[in-house]
Amino acid sequence: MKKNNYFIGYIALIFLLTIFFINLFSPSLTFSTEENRNLASKPKLNLDSVLDGSYSSSYNKYLEDQFFNRTMWKSLKTNFEKNIGLKKIDNIYFGKDTRLIEETSIPSAKFLKRRINNLEKFLDYYKDLNIEFILVPNKIGIYNDEIGVKNRQREIYDNFIKNFDQKLFKVNCFDILSSHKNEYIYFNTDHHYTSLGAKYISESLYDKKDISYDKYIVNDSFYGTSAKKIAYYNKKDTLELYVPKEEVSYYLTYNNEEKEYTSIYDKSKQYSYNPYEIFFGGNKSIIDIRTTSPNEEKLLILKDSYANSFIPYILSNYREIIVVDPRYYYDDLNALIEDKQITNIMFYYSMNTFFEDTSLDDMLENIKEK
Amino acid sequence: MAFNSIIFCFIFSPVTVIIYFFLPKKFKNIYLLLISILFYSYSSIFNTLILLLITIYNYQAVKKMDKLKRRRKYKLIEILIINIFTLCYFKYYYLLLNNIFSNISFKEIIFPLGMSFYIFTLLSYVIDVYRKKITSERNFISFSLYIFFFPKLIMGPIVRYKDFKRQIDNHDFNNSLFNYGFKRFIIGLSMKVILADTFSRIISLYKVDSMLGSIIIIILYSMQIYYDFAGYTNMALGLSNIFGFDFKENFNYPYMSNSVSEFYRRWHISLGEWFKDYVYIPLGGSRTTKPRLVINLLIVWLLTGMWHGASLNYIIWGFFLGVIIVIEKLGLSKIKIPKFIGIFFTFIIISISWIFFFNPDFNNIALLFNNLVNIKHFTDIKILSILENYIVYIVIGLICLTPIVKNIGIIFKKKCNILYNLSSVLYLLALLILSTAYMISYSYQSFLYFNF
Numbered sequence: 001m002k003k004n005n006y007f008i009g010y011i012a013l014i015f016l017l018t019i020f021f022i023n024l025f026s027p028s029l030t031f032s033t034e035e036n037r038n039l040a041s042k043p044k045l046n047l048d049s050v051l052d053g054s055y056s057s058s059y060n061k062y063l064e065d066q067f068f069n070r071t072m073w074k075s076l077k078t079n080f081e082k083n084i085g086l087k088k089i090d091n092i093y094f095g096k097d098t099r100l101i102e103e104t105s106i107p108s109a110k111f112l113k114r115r116i117n118n119l120e121k122f123l124d125y126y127k128d129l130n131i132e133f134i135l136v137p138n139k140i141g142i143y144n145d146e147i148g149v150k151n152r153q154r155e156i157y158d159n160f161i162k163n164f165d166q167k168l169f170k171v172n173c174f175d176i177l178s179s180h181k182n183e184y185i186y187f188n189t190d191h192h193y194t195s196l197g198a199k200y201i202s203e204s205l206y207d208k209k210d211i212s213y214d215k216y217i218v219n220d221s222f223y224g225t226s227a228k229k230i231a232y233y234n235k236k237d238t239l240e241l242y243v244p245k246e247e248v249s250y251y252l253t254y255n256n257e258e259k260e261y262t263s264i265y266d267k268s269k270q271y272s273y274n275p276y277e278i279f280f281g282g283n284k285s286i287i288d289i290r291t292t293s294p295n296e297e298k299l300l301i302l303k304d305s306y307a308n309s310f311i312p313y314i315l316s317n318y319r320e321i322i323v324v325d326p327r328y329y330y331d332d333l334n335a336l337i338e339d340k341q342i343t344n345i346m347f348y349y350s351m352n353t354f355f356e357d358t359s360l361d362d363m364l365e366n367i368k369e370k
Numbered sequence: 001m002a003f004n005s006i007i008f009c010f011i012f013s014p015v016t017v018i019i020y021f022f023l024p025k026k027f028k029n030i031y032l033l034l035i036s037i038l039f040y041s042y043s044s045i046f047n048t049l050i051l052l053l054i055t056i057y058n059y060q061a062v063k064k065m066d067k068l069k070r071r072r073k074y075k076l077i078e079i080l081i082i083n084i085f086t087l088c089y090f091k092y093y094y095l096l097l098n099n100i101f102s103n104i105s106f107k108e109i110i111f112p113l114g115m116s117f118y119i120f121t122l123l124s125y126v127i128d129v130y131r132k133k134i135t136s137e138r139n140f141i142s143f144s145l146y147i148f149f150f151p152k153l154i155m156g157p158i159v160r161y162k163d164f165k166r167q168i169d170n171h172d173f174n175n176s177l178f179n180y181g182f183k184r185f186i187i188g189l190s191m192k193v194i195l196a197d198t199f200s201r202i203i204s205l206y207k208v209d210s211m212l213g214s215i216i217i218i219i220l221y222s223m224q225i226y227y228d229f230a231g232y233t234n235m236a237l238g239l240s241n242i243f244g245f246d247f248k249e250n251f252n253y254p255y256m257s258n259s260v261s262e263f264y265r266r267w268h269i270s271l272g273e274w275f276k277d278y279v280y281i282p283l284g285g286s287r288t289t290k291p292r293l294v295i296n297l298l299i300v301w302l303l304t305g306m307w308h309g310a311s312l313n314y315i316i317w318g319f320f321l322g323v324i325i326v327i328e329k330l331g332l333s334k335i336k337i338p339k340f341i342g343i344f345f346t347f348i349i350i351s352i353s354w355i356f357f358f359n360p361d362f363n364n365i366a367l368l369f370n371n372l373v374n375i376k377h378f379t380d381i382k383i384l385s386i387l388e389n390y391i392v393y394i395v396i397g398l399i400c401l402t403p404i405v406k407n408i409g410i411i412f413k414k415k416c417n418i419l420y421n422l423s424s425v426l427y428l429l430a431l432l433i434l435s436t437a438y439m440i441s442y443s444y445q446s447f448l449y450f451n452f
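Top line first, the protein sequences correspond to chains R and X. Anchor point for the first sequence: position 29 equals 29 in my numbering, and the numbering is continuous, going up by one each time. Anchor point for the second sequence: position 451 equals 451 in my numbering, and the numbering is continuous, going up by one each time.
Bear in mind the hints are in silico, worked out from the structure with no lab data behind them. One should not assume that every hint holds.
Said to hold, decoys possible - Calculated cross-link-like contacts (lysine to aspartate or glutamate; reagent style EDC-like; alpha-carbon spacing at most 20 Å):
#1 X:Lys382 to R:Asp332
#2 R:Lys150 to R:Glu103
#3 R:Lys82 to X:Glu388
With the hints as constraints, model all of the structure from the sequences given.
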């Protein structure tokens, strides 16, 4: 067997040398837009780092990060694995028609106990306020049949709401979105739902009918987070906005800063890495929106990014809307609720964040005891 | 520098090979020695210094021993003790201290990469000179290259001096060996990065929670360690071929063995032969009384366990295999059964033995065994979804444990040589490209902090 291996040695050597030279002459990058992170730079050579071996490991890291066209290589692996029949790569399933579906995050019993406990305390403390929960399923909660798995997300939801007064859960987003599942309610390649999905929830929640909207296409060719995570680039997504024809006027401030804005849309994000950030320019710790709505109620929303595309539809329903993202907000929530004379509180989350992120618990645990 | 790292595959190996190509023959050995030192120093300069000291000591001491007419045995014992003490110091000292004085924390001694292999290589050399099977090496460059030769330095195989000596002055660029070497290197690399690393990731995804889960994990252990070690060895032997050396095989489809004894004649062959030649036979081998045979076998296997690592689980692993081999030698092997049944049972026993090998934590061992016999709880959702997703890898992994692919290749080659050669070149190139994709992908991490 050792003879007649033809010329594979030469071909392999040429391949390795070619890559060597391409890497040698390709410019060093500092940032990877696909991975959204800083890439390792060339480590500085000094005696200490050479002696303790840390130079070698940082140099390895540098070579990995600076390998030419990393995304192409990752893409090659993803496509190969998809073709040999893998249904899921790095927690992302391949659904129908290039739909990428993120895995459900399953909360531990400990997590659930803590969450339920905190919420009960909170609900008791603010029982005079009007509180509701909107938990939006992720793609896997609607399209689970496409990938042949049980709807765990729905089970988690159903089990969770049993612990509370059903009035807190006025709308069931699983039912609302399921009835529109053939429409473009989720991006194919991003983990968010679309403005259309949010629109259906708002219509159901406020019993709005016969509202007419202007539809704008903001970006018709972007790849979302899921596509970037596994470097699977197939069909592109479109970001659409639905703006109610009769809108109230409003202004808003971010993070308690003085500067006032007159639009909830940040146009600079239109073609950015993550066009979904066109809503409020991405997640902010606190947003204060004041409107000219005849309705005098004041709403506090505790939320994740799913709320960002929902808020545009409810501006006319409140005089003031305070949007707090517990992942970035560290101030006193009691004081905020009292100062702003909040009348309504809404928890607006996607299922995966709600059952994964503990910053909400950290915030609720700081609520004063009565 | 690991063979499956980017620096090795895309910088070190192409550059060193191309220079080796054009170097006059008389410089080739010194060149190989220098790049081997560079290779080893990349991980740790300190370890290189230790190895240099050990090499110089052995070179001088063995030369001296070879000249002695009398009292050679004392010199031998001195050299053996120094080598074995060095190995034990680095391997067991820290662990022992930590176990005995668990309340005091000692500065950790980092075990020098490849020490278990190079000390055993040296021991074989010392004993062979003592037994006058070979004469001591007078050329320091040749001797150092024997120890430092980078393809085999980190993970073997343990090459005997007589096999190395034959080639050290005669190796040169050899066209068919060069091509064959790259073929092996590519196959080894793909075994490591496509199969072994995937299996290791699957294992890390799952906490055993059912009988099926336990079975699958054990099968994955068997495949992970094989593709990891045999893959690395393929790269080592392939690299040796590229530089014109040709060493003995270290693996020969071990999972096709009919018995555990046979398995270890086909798995890490160079280590098995080392123990046979330098421990088992000197103890009396199998031409002795039955009780003595049992003791000999158990000694060999306890030492084999200890060689692999300092923790208790390796010793249990060695003892477990020793007991099985004793049972085989004492009569089980005389029972005639169809070959495939023998292979099946050997696979099961070997797979169970890996439970000890892989788990320093005894809670894990208990968890695996408890689930293994838990018929009431046959399966769980997690393992089913893992199986469903990764079934292709598992099937490919199982097929490549057998010589099926190789045999198909031989038939194909007989039928149509040219077509076989062309398609095998394409196949290997595809494997190399794919392996690169796997290597790069492991470092590919999206930082999606807004992923909420």
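Checked hints:
no.: 1; hint: X:Lys382 to R:Asp332; verdict: violated (41 Å)
no.: 2; hint: R:Lys150 to R:Glu103; verdict: holds (12 Å)
no.: 3; hint: R:Lys82 to X:Glu388; verdict: holds (13 Å)
Checked against the numbered hints above, the structure breaks only hint 1 and satisfies the rest.
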